[in-house]
Amino acid sequence: MNTENILHLDHVTMQFGGVVAVNDLSVDVNKGQIVALIGPNGAGKTTAFNCITGVYEPTNGLVSFCGEPMVRNHPQGKMARGYLGEHGDLYTARFSVEDPEAKAAAEAQQDPAVKAQMQADYDKALEERRSKELERDPLAFTDKVLSPTPDKITQLGIARTFQNIRLFSALTVFENVLIAKHMRAKQNVFSATFRMNKAEEQRMREEAMALLEEQNLAHLKDEVAGSLPYGLQRHLEIARALATQPKLLLLDEPAAGMNPQETQELTEFIHKIRSEYDLSILMIEHHMDLVMQISELIYVLDFGKLIARGTPSEIQNNPRVIEAYLGVADDAEN
Amino acid sequence: MIQDQKSKKGAVTGLLFIAIVLLLVVLLENLSAILPAGSVPAVLMPTSQLFTVLKKGAVYSLVAVSMNLLNGFTGLFSLGQAGFMLLGAYTYAILTVPVSAKDTVYYLYGGSAVNFSLPDLFGGVDTPAGLILGVLLAILLGGCVAALFAYLIGLPVLRLKSDYLAIATLGFAEIIRAIFQWQPLGPVTNGANMITQIPTFNNFNITDANGTVILRLSTFFPFLIAIICIVVIVMLINSSYGRAFKAIREDEIAAEAMGINLAKHKMLSFCISSFFAGVGGALFAMFVNNAQAKVYTSTMTYEILLIVVIGGIGSISGSCLATFLYVACAEWWLRFLDSATTFASPTAPNRIAFMVIFAVVVIGGSALLIHRERRGSNQVWKQTLVGLVAILLLGWLAWFAATGELTLPLLRTGFRMVAFSIIIMVVVLFFRQGMLGDKEFSDILFARRRNAGKEATK
Ligand SMILES: Nc1ncnc2c1ncn2[C@@H]1O[C@H](COP(=O)(O)OP(=O)(O)OP(=O)(O)O)[C@@H](O)[C@H]1O
Ligand SMILES: [Mg+2]
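The listed protein sequences correspond, in order, to chains A and B. Each residue of the first sequence is one higher than the last, beginning at 1 in this note's numbering. Each residue of the second sequence is one higher than the last, beginning at 335 in this note's numbering.
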């Protein structure tokens with residue numbers, strides 16, 4: 001079993017004014033895993049996605065992708081005073097692993113030999129704590145802020161779909177997929193306009209076409225995306241995300257508005273794309289059947305806070321989850 | 335592969351079409367010389383309004399297409415077109431006034447601070463090389479200056495929500511107009527006076543040794559430049575970058591999630607659009623034979639905006655078509671609206687003709703509008719509005735016919751603009767799609783199947 005870490009959220013907090021939409025959230029997705037993020041409406045799931053993909057700059061926290069710090073922030077400016085979350089110092093130079101009591105005890109020691117020994121022990125323990133923090137966050141003890149724009153994050157290899165489908169609805173199916181190829185094309189505006197590198201354009205088209213064929217959407221390539229039926233729009237949005245050649249795919253309620261049979265098909269589809277495109281998947285979903293069937297690990301959010309983390313069976317039997325989420329869902333369904 | 339052949343065929347058809355247009359223009363322009371003297375209809379005389387319309391139409395269609403690139407294809411709303419045209423016009427004029435004419439042109443400032451002239455560097459305006467190279471280089475630089483200013487405005491403004499771009503560019507256009515009339519800049523900009531004696535379209539007419547024109551190219555030249563520029567814009571729109579622009583127009587957040595760098599692409603589109611507006615400005619200076627800051631008002635921007643809206647936001651051929659229609663109406667066909675008209679007698683043929691045309695336009699127009707609304711969204715208030723206006727107008731006509739009134743009311747200087755305002759209101763209320771919507775003329779001509787369900791799901 002390969003346990004290479006793909007995505008790591010460390011104490012991520014997103015505060016809008018006085019509303020803490022995501023509160024101290026830590027999530028891990030390992031290579032090849034399908035992980036679900038669930039929670040009642042307004043729990044902050046989509047906001048968590050937006051923090052990962054650069055749509056929002058998290059107020060505090062660290063997001064690492066493939067072991068590299070990608071997004072990092074600490075409360076700044078006005079937010080530094082109004083910050084309601086925890087660990088406000090964790091990603092600043094103020095953060096320290098010193099232990100004042102142990103240090104004072106060492107200094108207060110009279111016997112020089114014991115004192116030297118205590119001092120050495122203290123330094124060693126401090127160094128250990130420091131290196132542990134550096135392992136967790138290579139930028140620890142600095143104020144460094146990382147906030148790449150969404151396009152940079154997509155280029156790193158994270159693709160996403162949206163809760164309310166966001167296709168380029170006036171463009172054709174083919175164009176929708178082709179646009180994903182733009183970011184990696186070796187061309188500038190001049191060479192592209194004057195068709196100086198036809199091979200590049202040809203390659204983009206062929207790749208996009210190949211993807212449409214793999215996804216059985218080729219026959220629709222000249223259809224206007226906005227005119228497709230709902231289910232196909234969802235499918236196209238996933239295909240378009242795959243066209244960016246991601247390592248990690250974020251799906252925001254892919255089964256929304258689907259009937260049980262379609263949901264079943266979606267389960268198979270997600271398994272299929274995971275193996276075919278060598279993906280790790282993090283998804284938000286309300287359909288419990290789908291979540292329980294498909295995910296290896298489930299994170300449960302409520303009011304922005306992580307209330308549980310575990311395998312489907314652990315989650316199903318967790319009283320806090322049942323109280324916060326499943327009870328509500330049952331009510332809603334009845 | 336199939337895609338490729340299709341686009342190749344399109345390119346060939348397009349080139350053929352362009353060649354035919356250019357040939358027609360040259361032919362039309364020189365028909366007065368070819369036809370036997372005396373049998374030349376007045377429209378074809380070189381002084382005819384027709385050629386003014388064609389020249390101005392060529393210049394304006396380039397500016398309209400450049401605005402459409404930004405507004406229609408990238409979804410950014412800029413109102414600075416006149417400002418960028420001004421920059422292009424002044425750059426062109428400053429760089430092309432012949433050295434020998436500088437003292438006369440800049441007499442208020444004792445000569446110009448710019449002591450060279452591009453055509454003179456290549457041998458003077460009277461030599462083919464000097465004219466062509468000098469003028470082309472100056473036009474190109476005009477575009478570059480406009481693009482540079484666009485870059486500087488874009489740096490702070492494009493980060494904001496796109497409404498701010500409209501405000502900022504509108505403000506920029508007003509400020510730049512004031513700056514160019516500022517006295518201390520006189521040695522460069524000639525203050526509030528115009529810069530004259532610049533090479534114009536007429537310089538491209540080919541003359542013999544005696545100075546008689548043997549081949550007119552004064553309409554051909556603006557057509558050629560405008561067409562080249564528009565072709566470049568179309569190629570840009572059909573390239574990968576054009577697709578990225580359209581993606582931004584459709585949905586910024588999704589475009590960014592597809593790896594498109596918003597800041598970079600918006601800036602690109604803005605600078606390129608402004609570049610061509612600058613080129614258009616240089617051509618406009620050639621068209622009016624001078625550069626004068628007070629011409630480039632926001633009214634000019636609104637004219638262009640009107641054209642883009644009428645032609646269809648997102649349609650290049652719509653913009654071109656609408657430009658010529660608009661310019662023809664403004665400069666030629668609707669001129670009569672600006673002059674008071676009194677008929678000779680109640681039964682004068684032109685009075686009868688006026689009444690018939692008026693009745694046909696009102697009845698036909700309102701019937702068309704009401705029919706459209708019936709078929710479409712079926713908004714009763716719009717139908718009622720059209721009906722009421724039509725009844726009012728017809729009532730007036732009946733009164734006009736019955737009383738034997740000889741003077742047409744309202745027709746005086748400025749009424750043309752009122753008529754245009756009414757037209758834009760009609761367009762906004764009833765034809766929000768413009769003439770061609772976001773389709774191209776070729777799509778309609780060859781009836782290429784477009785998806786009919788598009789509107790249904792919106
Ligand atoms: N840009 C914003 N400004 C202010 N508040 C926001 C913003 N975005 C989200 N919120 C708030 O954050 C909270 C979480 O919203 P979010 O959309 O993340 O919920 P969700 O878990 O995705 O819910 P759902 O299941 O309904 O999609 C909500 O209370 C919302 O009002
Ligand atoms: Mg959500």
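Derived from the structure by calculation, the hints contain no laboratory data. Glycine included, each C-beta is placed from N, C-alpha and C at the ideal position. Any given hint could turn out to be false.
[What the hints assert, rightly or not] Distance condition first, Cα-Cα at most 25 angstroms in a straight line; then the derived SDA-like pairs of lysine to any residue:
#, chain 1, residue 1, chain 2, residue 2
1, B, K773, B, V448
2, B, K716, B, A735
3, A, K152, B, K598
4, A, K132, A, K198
5, A, K272, A, A105
6, A, K221, B, G520
7, B, K716, B, M759
8, B, K495, A, K272
9, A, K198, B, L350
10, A, K152, B, N595
11, B, K343, A, L220
12, B, K436, B, G525
[Said to hold, decoys possible] Not the full set, but computed from the structure, chain B residues with beta-carbon under 8 angstroms of chain A:
#, residue
13, A526
14, A543
15, G545
16, T546
17, V566
18, R577
19, A581
20, G593
21, I594
22, H705
23, R708
Structure-based check of each hint:
Taken as a hint, the B/K773 and B/V448 pair is broken in the structure, with Cα atoms around 46 angstroms apart against an allowance of 25 angstroms. Between the alpha carbons of B/K716 and B/A735 the distance comes to roughly 28 angstroms, so the proposed pair goes past 25 angstroms and is violated. Only pairs whose Cα atoms come within 25 angstroms are accepted, and A/K152 paired with B/K598 is accepted, the gap being roughly 12 angstroms. With a CA separation close to 51 angstroms, the supplied pair A/K132 and A/K198 exceeds the 25 angstroms bound.
About 60 angstroms separates the Cα atoms of A/K272 and A/A105, which puts this hinted pair outside 25 angstroms; it is violated. Straight-line distance between C-alpha atoms of A/K221 and B/G520 comes to about 59 angstroms, which puts the hinted pair past the 25 angstroms bound. Among the hinted pairs, B/K716 with B/M759 is consistent with the structure: their alpha-carbon atoms are about 12 angstroms apart, no more than 25 angstroms. Straight-line distance between C-alpha atoms of B/K495 and A/K272 comes to about 40 angstroms, which puts the hinted pair past the 25 angstroms bound.
Taken as a hint, the A/K198 and B/L350 pair is honoured in the structure, with Cα atoms around 23 angstroms apart against an allowance of 25 angstroms. For the hint pairing A/K152 with B/N595, the CA-to-CA distance comes to about 8 angstroms; that is within 25 angstroms, so the pair holds. Pair hint B/K343 plus A/L220 holds up; C-alpha atoms about 23 angstroms apart against a cutoff of 25 angstroms. Taking the CA atoms of B/K436 and B/G525, the gap is near 14 angstroms; set against the 25 angstroms cutoff, the hint holds.
Look at B/A526: its Cβ only gets to about 38 angstroms from chain A, farther than 8 angstroms, so that hint breaks. Checking B/A543 against chain A: minimum C-beta separation of about 41 angstroms lies over 8 angstroms; hint violated. Against a cut-off of 8 angstroms between C-beta atoms, the interface hint on B/G545 is violated, since the closest Cβ of chain A lies about 40 angstroms away. At about 41 angstroms, the closest approach between the beta carbon of B/T546 and any beta carbon in chain A exceeds 8 angstroms, and the interface hint on this residue is violated.
Using the Cβ-Cβ criterion of 8 angstroms, the hint placing B/V566 at the interface with chain A is satisfied: the shortest such distance is roughly 7 angstroms. Given the 8 angstroms rule on beta carbons, the hint for B/R577 holds: about 5 angstroms separates it from the nearest Cβ of chain A. Interface hint at B/A581: satisfied, since its Cβ lies 5 angstroms from the closest Cβ of chain A, which is below the 8 angstroms cut-off. With 8 angstroms as the threshold, the beta carbon of B/G593 comes within range of chain A, its nearest partner Cβ sitting at about 3 angstroms, so the hint holds.
Look at B/I594: its Cβ gets to within about 6 angstroms of chain A, closer than 8 angstroms, so that hint holds up. With 8 angstroms as the threshold, the beta carbon of B/H705 stays out of range of chain A, its nearest partner Cβ sitting at about 26 angstroms, so the hint is violated. This hint is violated: B/R708 has a C-beta 24 angstroms from the nearest C-beta of chain A, more than the 8 angstroms allowed.
Hint compliance for this structure: hints 1, 2, 4, 5, 6, 8, 13, 14, 15, 16, 22 and 23 are not met, and every other hint is.
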